[in-house]
Structures are given as C-alpha cells and as structure tokens.
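Student: Read off the chains here:
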Amino acid sequence: MSVDSPSHGPAKATMDLHSATVRFAGDSGDGMQLTGMQFTNTSAIFGNDVSTFPDFPAEIRAPAGTVYGVSGFQLHFSSEDIFTPGDELDTLVAMNPAALKMNIAELKKGGILITNLDSFNDQNLKLAGYSHSPLVDGSLDNYRVHSVRMTEATLKAVEELEALRKEEGKEFSLSKKDAARCKNFFALGLVCWLYGRKMDPIVQFINDKFAKKADVRDANLRVLNAGFYYGETAEIFQNNFKVRKAALPPGKYREMRGNEALALGLTVASQLAGKPLFYGSYPITPATDILHELAKHKSFGVRTFQAEDEIAAIASTIGAAFAGTLAATASSGPGVALKGEAMGLAVMLELPLIIINVQRGGPSTGLPTKTEQADLLQAILGRNGECPMVVLAAARPTECFDIAIQAARIAFRSMTPVLVLTDGYLANSTEPWLVPDVSSLDPIEVEHPTEPNGPDGAYLPYKRDEWLARPWALPGTPGLMHRIGGLEKAAETGNVSYDPSNHERMVQMRQAKVDKVAEYLPEQEVFGQEDAETLVIGWGGTYGALREACTMLRAKGHKVSHAHLRCLNPFPRNLGEIIKRHKRVLVPELNGGQLCMLLRAKYLVDAQSITKIKGRPFMVTELYERIEAMMTDKTNGK
Amino acid sequence: MTTATEDRKFTVADFASSQDVRWCPGCGDYSVLAAVKKVLAEEGIPPEQYAFISGIGCSSRFPYYMNTYGMHSIHGRATAVATGFKIVRPDMQTWVITGDGDALSIGGNHTIHTIRRNVDLKILLFNNEIYGLTKGQYSPTSPQGKVTKSTPFGSIDDPLHPLSIALGANASFVARAVDMHPKHLMGVLRRAHHHKGTAFVEIYQNCNIFNDGAFSHAQDRKLRADNVVELVHGEPLVFGAKLDKGVVLDGQNLRVVTIGEDGFTKDDLLVHDEKADLSIHFRMARMRSPEFPDAIGVIRCVERPTYDGMVNAQIENVIAKRGRGDLQELITGRSTWDVAEVDEDE
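Respectively, the protein sequence lines represent chains G and V. Take 666 as the starting number for the first sequence in this note's numbering and just add one per residue. Take 4 as the starting number for the second sequence in this note's numbering and just add one per residue.
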C-alpha cells in the first residue's frame, strides 16, 4: 500500500517502477506550470530524484484552445540518480484537444493518456485542427486512454462546497467559471493517486496560497481530493505505480531552477567577497527571472537597475565595476549582441564583470522560449578586435549556483569580464539541490591598493601581478587617481598609446591573462574508463542527456567516455592530452557544430559533430542511437 | 569612501593630469577645461573625490586631462556608465562629458532616461553642431541646410534642440553657457556643481576647424549683447548693448520688445523664475538668434529626489525593516525536505 493520504479502504494493486516521466499539458491559462511544480514538489519531498522541463509558448495568452497556446510541464522522477527530464512520456495529461495534438507524439506506446473529456467539444476540436475526435477514431489505440469528465467532476465538487456553505448560512464567492478553473487540481489529484504521491505538501501549498480566500482554498482542496478519489474508485484504472526513493546523499534539499540558482549564486558571491552586487539588466526571455529574483534581495545590499536598454544595462555594470563592486548583467542572444561593444570596453578596461547569456533559439528573435546552444561562437569570438574573455558554461540547473560564484572568483582574481552561458532549458528546469552550508564556502579575496605602485609616487593602473591582473584602485583613494578608457593604452601607465609594438604587446597580454586562468581552474574530469576508444565532449545544458546516454552505451559494452566542459575559454589545461588518448571524438551540441569547430581548430583533431537545432533538448535515446551509429561507423563520418 | 578635506586647499594644478592636451589649437574645449578646473579648485573637494566619465568625440577626451578618477567609455554610453557608477558610489562627485553627437544621436536614449531618473550627475554637453572627430559631418543639432562632407547639398534633417530634450525629460536643472564667456560659464558650472540631481548644461562650443563661427552671435564681444540674454532668477529678461531690449510674454508666445517703444516699460518684461512651469522654460530655452536672443544661464533649477539616493534609501529601508539578510536562510528557501540514509521501504 503506497498511498497513505488521504485514501481509506481497500486499494488496487501497486506496481513498482524505477522511474516515470509525466507531462501536464493544457492551455496557457490552465495552470499547468503550477500543477507540474506541485507534483514535482511532492515527488521531491517523497525522496525521488527529480528533473523537470517546462515548455511554454512565447505568446502570453494565445487564444484559448489553439495549439499556439499550449503550455506543458514535464517531470521525470526516479529511484535512481537521474540527469534529464526524460525522453518519452509514461503519462500524458491533456486538458484539451490542442494539448493532445501537440504532445501525443511523445507518449510512449502503451503509455497512459488522461484527457479532460469535457473539453473535447466541436469548437475545441476544430481549434486544434481535428476534423473529428481522436478519442473515438481509433488513432489512440496504442495508448491506455482515460477520458475523464474533469470539468463536470470539478463543478460537482465545488457545488457540494457551496451547498455546505449555504447550510452554514454563509456566502459563497465562486462563480461557475471560477469553479471550473479548479480543474487542474483534479488532474493533479488523479496523477497523485496514479503514482502514490502524498498530497500533504500540495494541501500545505493551497492553504498558504489561498489563506485569505477561504472559498478558493476549500474549493481547490475538494477538487484535489476528488481527483485522487476518482483514481481510487473509478473502474477504469487497473492499478497504480510506485517509484521508490532515490539514494540521494543525505542532507537538506530544496527544488532549484537554473535562473534562481544563478541569482542566489551572485548574491552569495557578493557576500563572500564583501562587495554588494550591482545588477544592471533589461528584461528579455528567458533571462528575466534572474532580475525578478535579485530585485527581492535588497536586504543583502543588492542593487538592481532595470535599464532603458541592453546597452545601458551593461554600461551601468561597467560603471559599477569601476566604482568598486561586484557587477553583473544578464541577457539572451539578441541582447548579448547589443552588449558586444561594451563587452569589448570591459576587456580593454580590465574590470571584473559577469555577463550571463541565457541562450535561446536564434538567430534574431528566433525562438524566445526555446532552448539552444548556438551562442558559443558569439561568446568566444563575437566582438571587434582581439577581444578574449573567460567563458564558462553551467551543465545542470543547480550548477548555475556554483558557476556564478566561480565567475566572480575569476573576475576578481584575473580582473577580467567573465561570460557565463546557460540556456532556456537550464534556466527553467528544476532538480533537487543539496543546500550547501554557506559557512563552508571559501571567501572571495579582493584587494584594492592604497599606495602608489610606481616610481616617484606614481600609480600604474596597468601594472600586472602573477596572474597578469592589473590593480583595482577604488575611486576616492587619495593619490591613485587614474583614467581608463577604450583607447589602446600603454603598458603599466595606461596612458593612451598608438605605439605599434605596444599595441601588439597589449593584445598578447590580454590573451595571456585569459589563458592563464586555466592554470588555476580544475583539470577536466572524464567519466568513463581509461581505455575508452570514443570520447564524447559536451558543454552546457546537454550534460544530463549525454551522461545518461553514455551510461547506457557503456552498459551495452561500448568503450565510450564523456567529458563535459565547464570552461570554454580557456579550455581546461589537460583537454588536449585527454583528446589524444581517444581514437574518436564526438561532439553533440544543440547548434550547427560550434564547439566541434573550436576543438578541431585548437587540437587538430578529426572531431565529429552530432547536432540538433530544434529548440528542444537532446533526448537520451536519440543520443544513444546517434553515438552508437557513429561509433560503429568505420569511415568515421567520411 | 571619504578623506579628511579640512586644511586641504587646491589649485588648478591639482586637477591637471600629466597628459598633454591634444585638442586643435583654438578649440573651444580648452576654455571649458580651464573653467572646470578653476571651479573645482575653488570648491575645496579633493581631486580623488571626482570622477569624469565621457563617451566618444573630441570633447570626450576631457577625462584624460583631469587628475581625477575618469573613464573614457564608448560612444553614447557615458550617462549609462555614470549611472551605474553613481548608484554604487553616491559619495563621488560624478561628471559626464559629452557632445551633440554622443548625447543626442547615438546616446539619445540614455540621455533621456538619465535625466528623467534625475541621477545626481553633472552633464556637460559640448554642442558644436558638427561631428568633429570624424572630420566634419552634420550632427543632430546642425541647422537645416548645413553643407558638410556628408551633406554636400545641404542637410535636410530638422535639428534636435538639446535643452528641449532635457526639459521634455523633466530635468531638474537645465542651463546654457558659452565657451568664450569663461566668467559666466564658471558661474553656471558652480551652480551645476551644487545642484543635487541631474544638472544638464549645454555649452556652445566652437569647432574652429569644421564649423567655425556656428555660435559667433553668442561668442563675439560685439555681437553677443544683442543676441544673448543672461538669465538671472527674479530678474527681467533684458538684453542689448544699451540694455534697451527685453522679452515679454504676449498671449502664449514670447516676443522681443524695445523698452520705451510701443508703450513697453521694464515692468512689462518677463521675469525669470527658475522654478516656474516647464512650458515657459521650454519657450525660453528655444529662443534663438536672430529672432530672439539665445538664453544663457540657469533656465531651470528645481528640487527632485535623486535616483541614486532613492535606490540606496530603498535598500536602507528594507534593511531597517527586516534586518540584514541571512544568507543561509536565503539559499535554503521556504520549502525543503530532509534526505536520510536510504530506507528501502516507505
């Protein structure tokens, strides 16, 4: 018996599963994101390892019932360590015909399809482009279809509450339309029963969220329970499932999504450095949530500045960095393109600065809400002149926290702008996060000179230390007044210089400074055996899918290992040696082969690309198949 | 960061950097540089308490010549850089040096938004009505018909009016000065220095190479009396070599009259009020020779909370109310669960 709340009485049979992938899909206004998050939360609290992937349209509220307005939330929960939100769906909840149409292809054969039968009327079928109902034409015969009159059941549950209120002589504030909006909780209750989830965290959530609206609160609670009981009592479900706890390292956990992790990482970095964070930003999907989160952190001295445009956003951070604080900005591809000139200025000024690119589908406006990795070359090369900066990439949602702190350490130590790449998938996906003990994090050392460092009491703003970093004199310090700017500067004095050899020397110096970062960053780790023939090199948000695919390949006896890069400029100092150990190098990316091109250029290796440019993450099975095919291809792609 | 300022007296030399000034001989920028250094030396605040931030253009080389903290940034973005700087360091005296192309063309957006936010910056806009650094193309303030290298048949653009833009963005301080009137210029700079908020100063600046004489009506000793009116708060708008001309408000429009003619006396003249309604300041700012005298001096000076002040006050208020944030509490969040050693049956 896996269900202990709120069921009573005899239960049906329970089947054990290792993992399950569920997607809730409906209209943008149907509350699918909230439903998915609540199911995630209760699964995580139960002790599963969880990975989620929300998928929503760029339109905020496209016309109801259309395929343009379909919003989905997918989660994968497991009794084992998992890295991705799952490939094929075990269960699809489709709240209307459009949601069915958009998602059915990803439901595995034999999978469970739950629909809201009440929404399959002529109008909605027509809006979704169905000439007749797929529920009756046999097209869904490969699935276990459960069509449930959810709206009707929801209304009935709310009517009972209304009757109860009237008995007590109280007013009831919900209209029929309001009542129908509770139906996402019916679906949630039903799926909770299906997977034996405790509903206590959801009940707690409803109690908190609607504390001041008793009718809404009680209506939602009733509908939630109605969904759960429906699963238990209706004759249509033969059994339910159980996914056991995962063997996660012990400790305190919370759900964490990438953008929030970045915001928290920046705030923690600022505290570790004793430098209040200045964050200049212009709203852009999918980076905006970082601004939303940081704007709340005023009690940590975080100053957020919503600038008039992308250029002002980065320009203000350059001013803030010159002023002596931790400065950061974030955007997505189109916004980063606008920031390009200012990024060059930051390189020239040699100020510490963090620039985050939450990548989305491009070019131009592209696919704002979809994920892609096509801004790597922009990050590394996309500025005028020889303009190197450190480029980091987070591999998992929770890693965004660590990468923000690492970016700050590098920026301060090497006096350089650091570009952090994440993507739409990492930004919005969640996974359980073992909450670190902040007292265990190393402080970030920052030094400001107070005395002149040159002959005759002169201050040399471009004199360099062991990491080739220049000193960072705080404005206001007597005797250290200096001017910096975008014009080429003489070594050490920083005065404007047009001297040809000085220019070459300074270009090389800026490059050497960035290259030197590899000396203090950790070496590249490789997952897999020493004698692997094939090396799969990835970067960024594809980590989970690559790791699972490589694990499966190895289980099948393939000699493959996986290296996932966190620092793309400079490359890890041992990467060349790792590459040499392997006969074949494969580089899967969500772009046209950008990292592959860089690796080929730098290491003269015949690396082969595996690309996908569909605005969606890799699926584990497709990677498995493509890597396996290339490993067994004797021609090595020729 | 503050330093003891008592007992420290400053000279112009204290504000001069070691760099040779490289503007063209005869450029109006020299006199502005001299005036700024003189005013700052008088004010008694040490050089390290100043930051000069500029964009791109001839005038934007200005910070290199000041022995203060400074940044020569990129084209059009000086106000945005200075905004970030000032928010983090409200203790620093922060000046922006810009030009007509820098502030009104490529950087127009930032100029508007900096002014409407009222960031505590002193913005000196060197208006020479030409692109000098790129060797003579018309600028957004060049008059229609201007013949330049990029407009051999005359410019067809209607010019932008710098002070109209500033007033349209609800500037708290708007002034105009002329490079060749150092005494008057210094008076305006002093007022700007003491203003709390964005002080927007347009300086008529002669480019003797590419646009010589664009402001001769206001610069020439003989011409200026009849072509310029010096605004003084509480005083009537009187001008002319014989101080016999004035400006009156005739219905909704301004009009130039001669005192003693058509029955006009000094009492009929418009009296300048720096705190008056924006619309009258707008009309005064747009007066231009030969129909009107150009207004110079402080056109508008009102009090408005500063952006940097409010950003920092909001943080202080939150901390006063809720206390300093607890970092562990922040990252832990409100919804957590504990994972113990795995227990196989639940």
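FYI, nobody ran anything at the bench for these hints, they're computed from the structure. Heads up, some of the hints might be wrong.
Away from chain G, derived, C-beta distances all over 12 Å, residues of chain V [unchecked claim]:
{"hint": "1", "residue": "K89"}
{"hint": "2", "residue": "I212"}
{"hint": "3", "residue": "W340"}
Taking CB as the label site, the calculated pair distances span [to be verified]:
{"hint": "4", "chain 1": "G", "residue 1": "D1164", "chain 2": "V", "residue 2": "L252", "range": "53 to 63 Å"}
{"hint": "5", "chain 1": "V", "residue 1": "E294", "chain 2": "G", "residue 2": "L1152", "range": "39 to 49 Å"}
{"hint": "6", "chain 1": "V", "residue 1": "L252", "chain 2": "G", "residue 2": "L1152", "range": "33 to 43 Å"}
A virtual CB, placed ideally from N, CA and C, is assigned to each residue, including glycine.
Student: For every hint, state whether the structure bears it out.
Tutor: Now for the hints, and whether the structure bears them out:
{"no.": "1", "hint": "K89", "in the structure": "violated, 8 Å"}
{"no.": "2", "hint": "I212", "in the structure": "holds, 20 Å"}
{"no.": "3", "hint": "W340", "in the structure": "violated, 4 Å"}
{"no.": "4", "hint": "G:D1164 to V:L252: 53 to 63 Å", "in the structure": "holds, 60 Å"}
{"no.": "5", "hint": "V:E294 to G:L1152: 39 to 49 Å", "in the structure": "holds, 42 Å"}
{"no.": "6", "hint": "V:L252 to G:L1152: 33 to 43 Å", "in the structure": "violated, 49 Å"}
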